[in-house]
Amino acid sequence: GPKVLQIPSHQIIDMGQMVTLNCDPVSNHLYFYWYKQILGQQMEFLVNFYNGKVMEKSKLFKDQFSVERPDGSYFTLKIQPTALEDSAVYFCASSLSSPGYEQYFGPGTRLTVL
Amino acid sequence: GDSVTQTEGLVTLTEGLPVMLNCTYQSTYSPFLFWYVQHLNEAPKLLLKSFTDNKRPEHQGFHATLHKSSSSFHLQKSSAQLSDSALYYCALSEAGNTGKLIFGLGTTLQVQP
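Residue numbers (my numbering), protein chains in the order written: chain V, 13 to 126; chain E, 866 to 978.
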């Protein structure tokens, strides 16, 4: 079936540095999502994106976070600067439409902030 | 606010026995309900979804009926297989919303020989 790719699979950085997480969504999908999962906790919605704009962001989506999809390439999540509490697995997802449509998930990027 | 509750963190079964994973929810309006399955080191994948009260979608031997009267969407299978061992998430998305998914904590299903 359709696949969502995430690069890198693991990232270790020092607190205060910038990090960009990359997502290659399903090619004809129009809606894009980021979710965050801290170890042992549930997956939580961060932000979704459609037609070049953020549709909704949660309270977890701090001012240090930003998303973009320049020219239909990767959908990215940038954190600048990073904090210790940003350590988590970040899942990207995409869907053809919304709401109620299947979201296809990537395998996640494990971010460790030291 | 909207929420999803999965009461069991871990369910351990012997192969061939029936599976039932619980999911209840709180929702402001009319939600879509989903079951996603995540095998080890893989991405979560959709197993089932429903929007219609009392309908029973089925996939890969699993089924779940959305009961709006009890706000439940329990996942069932008549006979567990070793390959069913995975993490199962129940999630909801409000109709008319932006499509964000609200997840439960997840239930790990371990099927033993």
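Worth flagging that the hints you see were computed from the coordinates, not collected in a lab. C-beta: ideal position from N, C-alpha, C; glycine also. Any given hint might turn out to be false.
Simulated pairs of lysine-lysine, BS3-like, Cα-Cα distance not exceeding 27 Å [as the list claims (entries may be wrong)]: (1) K910(E) to K942(E); (2) K942(E) to K920(E); (3) K920(E) to K71(V); (4) K914(E) to K933(E); (5) K15(V) to K65(V); (6) K69(V) to K942(E); (7) K90(V) to K914(E); (8) K65(V) to K942(E); (9) K90(V) to K74(V); (10) K65(V) to K933(E); (11) K90(V) to K69(V); (12) K933(E) to K15(V); (13) K71(V) to K90(V); (14) K910(E) to K933(E); (15) K920(E) to K933(E); (16) K910(E) to K920(E); (17) K920(E) to K69(V); (18) K15(V) to K69(V); (19) K942(E) to K914(E); (20) K15(V) to K90(V); (21) K65(V) to K90(V).
Away from chain V, derived, C-beta distances all over 12 Å, residues of chain E [stated by the list, open to error]: (22) Q871; (23) V876; (24) E907; (25) K914; (26) A956; (27) S958; (28) N962; (29) K965; (30) I967.
Hints and how they fare:
1. K910(E) to K942(E): Status holds; Cα separation ~17 Å.
2. K942(E) to K920(E): OK: K942(E) and K920(E) at ~16 Å, within 27 Å.
3. K920(E) to K71(V): 34 Å, violated
4. K914(E) to K933(E): This hinted pair holds, its Cα atoms lying about 14 Å apart.
5. K15(V) to K65(V): 23 Å, holds
6. K69(V) to K942(E): This hinted pair is violated, its Cα atoms lying about 36 Å apart.
7. K90(V) to K914(E): Outside the cut-off at roughly 31 Å; violated.
8. K65(V) to K942(E): Outside the cut-off at roughly 41 Å; violated.
9. K90(V) to K74(V): 11 Å, holds
10. K65(V) to K933(E): 34 Å, violated
11. K90(V) to K69(V): With Cα atoms ~14 Å apart, K90(V) and K69(V) stay inside 27 Å; holds.
12. K933(E) to K15(V): Between K933(E) and K15(V) the Cα gap is close to 33 Å, so the pair fails against 27 Å, i.e. violated.
13. K71(V) to K90(V): Given that 27 Å is the threshold and the Cα spacing comes to 16 Å, the pair holds.
14. K910(E) to K933(E): It holds: about 24 Å lies between the C-alpha atoms, which stays within 27 Å.
15. K920(E) to K933(E): It holds: about 11 Å lies between the C-alpha atoms, which stays within 27 Å.
16. K910(E) to K920(E): Measuring from Cα to Cα gives roughly 21 Å; hence the hint holds.
17. K920(E) to K69(V): 32 Å, violated
18. K15(V) to K69(V): OK: K15(V) and K69(V) at ~24 Å, within 27 Å.
19. K942(E) to K914(E): Holds, because 15 Å separates the two Cα atoms, which is no more than 27 Å.
20. K15(V) to K90(V): 22 Å, holds
21. K65(V) to K90(V): 15 Å, holds
22. Q871: With a cut-off of 12 Å, Q871(E) comes too close to chain V, as the shortest Cβ separation is near 9 Å.
23. V876: Holds: least Cβ distance 17 Å, greater than 12 Å.
24. E907: 6 Å, violated
25. K914: Nearest chain V Cβ is 7 Å from K914(E), so the label is violated.
26. A956: 8 Å, violated
27. S958: Check fails; 5 Å does not lie beyond 12 Å.
28. N962: 5 Å, violated
29. K965: Non-interface label on K965(E) violated, nearest chain V Cβ at 4 Å vs cutoff 12 Å.
30. I967: 7 Å, violated
Consistency note: the structure conflicts with the earlier hints numbered 3, 6, 7, 8, 10, 12, 17, 22, 24, 25, 26, 27, 28, 29 and 30.
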